[in-house]
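Participant: One letter stands for each residue in the lines below.
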Amino acid sequence: MSAVAASVDHTASADRPVLAVRGATKRFGSVMALDDVSIEVRRGEILGLLGDNGAGKSTLTKCISGVHQLDAGAILLDGAPTQVRSPADARFAGIETVYQDLALFDNLTPGQNFFAGRELAWPPWLPRGLRFLQQRKMDAETRVLLANLKVTLPRLDAVVAMMSGGQRQAIAVARSTVFARKVVILDEPTAALGLRESRQVLNLVAALRDQGNAVILITHNMEHVVELADRAVVLRQGRKVGELVPTKDNKQELVSMIVGA
Amino acid sequence: MFFIDKKKLKYSKSFDGEGSNELSAGRRTLPESGNTGTTAGEAALPESGKQEAVPGLALGLALLSAGPVVILVLLIVLLSFLSPYFLTGRNLSNILAQTAVISVVAMGQHLVILTRGIDLSVGSNVALASVVGALSFHAGAPAVAVIAVMVGCGAAVGAINGLFYVFGRLPHPFIITLATLSIAKGLALQLADGRAIPGMPEAIDALGREAVWGLPGSVFVVAGVAAVLFVMAKTMVWGRWIYAVGGRPDAAVRMGIPVSWVLVSVYVISGLCAGIGAVILAGRTDAGSPLFGNLLELDTIAAVIIGGASFLGGRGHLGHALIGAIMIGVIRNALNLLNVNVFFQLIVIGVVIVIAVESDVLRNYLEGRVRVMQAGRQS
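Which chain is which? The protein sequence lines are A and B, in order.
When the count follows this note's numbering, it moves up by one through the first sequence with no breaks and lands on 261 for the last residue.
When the count follows this note's numbering, it moves up by one through the second sequence with no breaks and lands on 379 for the last residue.
With the rest of the complex left out, here is chain A:
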């Protein structure tokens, strides 16, 4: 479908933001969760999204991935204003999200998780739910995908419930690579992981970027931001308070922007 088109025009439109959020405003009752926030992210770029708890990071990403709707402001994909009314809309538009809770199906295998909601099935003239699963094709693609990402899992036919935190995180990130065509949002992908497992997940994040995706990375870990992010946007109390290229030297500056000191 458009996967090929996307990878072709990726070089042509490298400088134009693939995702732009303009003047995003969202309130929950009397709480102003987002106040006129604008961000842009380009293909092959990792944008770090920083902020203390309650700063609006999750609200912003949930608006982009269709869980919430903006009260005011616009989301532009490849320059065109886009209505993202539901998570399904967002996925259809090429926006993948790796949720903090992973959103994995514990009772399914890794391969079944990868293709959940987008099963390869036949014949095309039937309604989606009544088509027959092409299980062998999905298994083969799963093996190719995992091999390319160098993710090793103990067993591909075991349910995800039996796997470790790092393996589950790797599966969730790998799932976003199956269909990601434009934007991948990762919400604290290394929280609660050990060092080795964090490293593996960070490698996957870099892989997503190198595939030509625009990556939005939410994290509390300054080391990871400095290491991976091309730019960092800092939110505080629903407002954007700064944007800079993170380096080892301005780490302190970033931290003081986050806490507002």
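Honestly, I wouldn't trust all of these hints.
Unchecked claim - Non-contacting residues of chain B with respect to chain A, defined by C-beta distances greater than 12 Å in every case (computed):
{"#": "1", "residue": "Gly56"}
{"#": "2", "residue": "Gly246"}
{"#": "3", "residue": "Val354"}
As the list claims (entries may be wrong) - Cut-off 20 Å, straight-line C-alpha distance, at most; resulting in silico cross-link-like pairs (DMTMM-like, lysine to aspartate or glutamate):
{"#": "4", "chain 1": "A", "residue 1": "Lys62", "chain 2": "B", "residue 2": "Asp250"}
{"#": "5", "chain 1": "B", "residue 1": "Lys234", "chain 2": "A", "residue 2": "Asp139"}
{"#": "6", "chain 1": "A", "residue 1": "Lys240", "chain 2": "A", "residue 2": "Glu253"}
{"#": "7", "chain 1": "A", "residue 1": "Lys182", "chain 2": "A", "residue 2": "Asp15"}
{"#": "8", "chain 1": "A", "residue 1": "Lys182", "chain 2": "A", "residue 2": "Glu40"}
{"#": "9", "chain 1": "A", "residue 1": "Lys182", "chain 2": "A", "residue 2": "Asp230"}
{"#": "10", "chain 1": "A", "residue 1": "Lys62", "chain 2": "A", "residue 2": "Asp36"}
{"#": "11", "chain 1": "B", "residue 1": "Lys234", "chain 2": "A", "residue 2": "Asp210"}
{"#": "12", "chain 1": "A", "residue 1": "Lys240", "chain 2": "A", "residue 2": "Asp52"}
{"#": "13", "chain 1": "A", "residue 1": "Lys182", "chain 2": "A", "residue 2": "Asp210"}
{"#": "14", "chain 1": "A", "residue 1": "Lys182", "chain 2": "A", "residue 2": "Asp36"}
{"#": "15", "chain 1": "B", "residue 1": "Lys234", "chain 2": "A", "residue 2": "Glu40"}
No lab work stands behind these hints, which were simulated from the structure alone.
Only a predicted model underlies this, so the values are computations on that prediction, with no experimental measurement involved.
The beta-carbon is built from N, C-alpha and C at its ideal position, and this holds for glycine as well.
Got chain A; can you put chain B on it based on the hints?
Facilitator: Leaving out everything else, chain B in the frame of chain A:
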């Protein structure tokens, strides 16, 4: 429709998952190793084997998943020693005939339970469908139409359950199916004036009689329904969606699965199975009655749980429902043959339910242990 763009998956640089401690693909210059604080720690970690099984735990899990079948086989062996009548063809055929209704309805119930739901209305649904079928027979409908009316009536009640649960935004299917349990029962009593209505078409009565190999026709209906549902649940996208919805409903929404329609569909199928159960029961008794299906909802839920499906949703297959139904039939039959008090049957079934649910809890616990061990081995 969807495919992986192979070109996109080829990287110019390689990635290393476990062995390497460098971010070799990083486009930026790598920070000093001390800066990330990972290198030293990882180097000190021993390289561990990944594939060894966890023998004790694996064995426990395997036993638990095979549990119901093993228990059923042991039960049959034991009973064939205890009673000379148990292992006769006639008795076995009798057991199958008596469990046909529970089996069919339990398969529908099983799909509902897979999605973390419950259908309390199936018993009343059977009663209403049988009464409507008997009335339509006496109004002059041919056999095919009577069957269609019964199955359609069951499916309609199921559709009401599903639509109210999903689009009426009810917190749990317990409530709406409890309401339709009452409504369907009342409607059946009202329509039949509180009495059984004798008389069913010959084609339906034939289901209650011996057909082939000493087996009643109803057994073949059960086998047919099982075959169709098996194919749908195993090979169709719909079946995969049922497991996804049961495993994690919120994630299913986020993955773009049409959760509302999946839920409605399982209640419709459950109602449809109740309609088929009504046909079987009407065939065996040559009547429609508002008293049919009394407590059938509890029998079918018990069958699904005893068979080894998880009450928490997302786990189990059709075989579980069938094994559970047969197990209930065998236990009842055995207690009859052994001249045990009828009241005692209820106690035994209850105890078996507790054992089944506790083994589900144990299975979840063991899986948690496996997960912890996986993590321990990785890092």
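Participant: Hint by hint, say whether it matches the structure.
Facilitator: Here's how the hints hold up against the structure:
no., hint, verdict
1, Gly56, "holds (15 Å)"
2, Gly246, "violated (7 Å)"
3, Val354, "holds (23 Å)"
4, A/Lys62 - B/Asp250, "holds (14 Å)"
5, B/Lys234 - A/Asp139, "holds (15 Å)"
6, A/Lys240 - A/Glu253, "holds (15 Å)"
7, A/Lys182 - A/Asp15, "holds (14 Å)"
8, A/Lys182 - A/Glu40, "holds (13 Å)"
9, A/Lys182 - A/Asp230, "holds (17 Å)"
10, A/Lys62 - A/Asp36, "holds (16 Å)"
11, B/Lys234 - A/Asp210, "violated (37 Å)"
12, A/Lys240 - A/Asp52, "holds (12 Å)"
13, A/Lys182 - A/Asp210, "holds (12 Å)"
14, A/Lys182 - A/Asp36, "violated (24 Å)"
15, B/Lys234 - A/Glu40, "violated (44 Å)"
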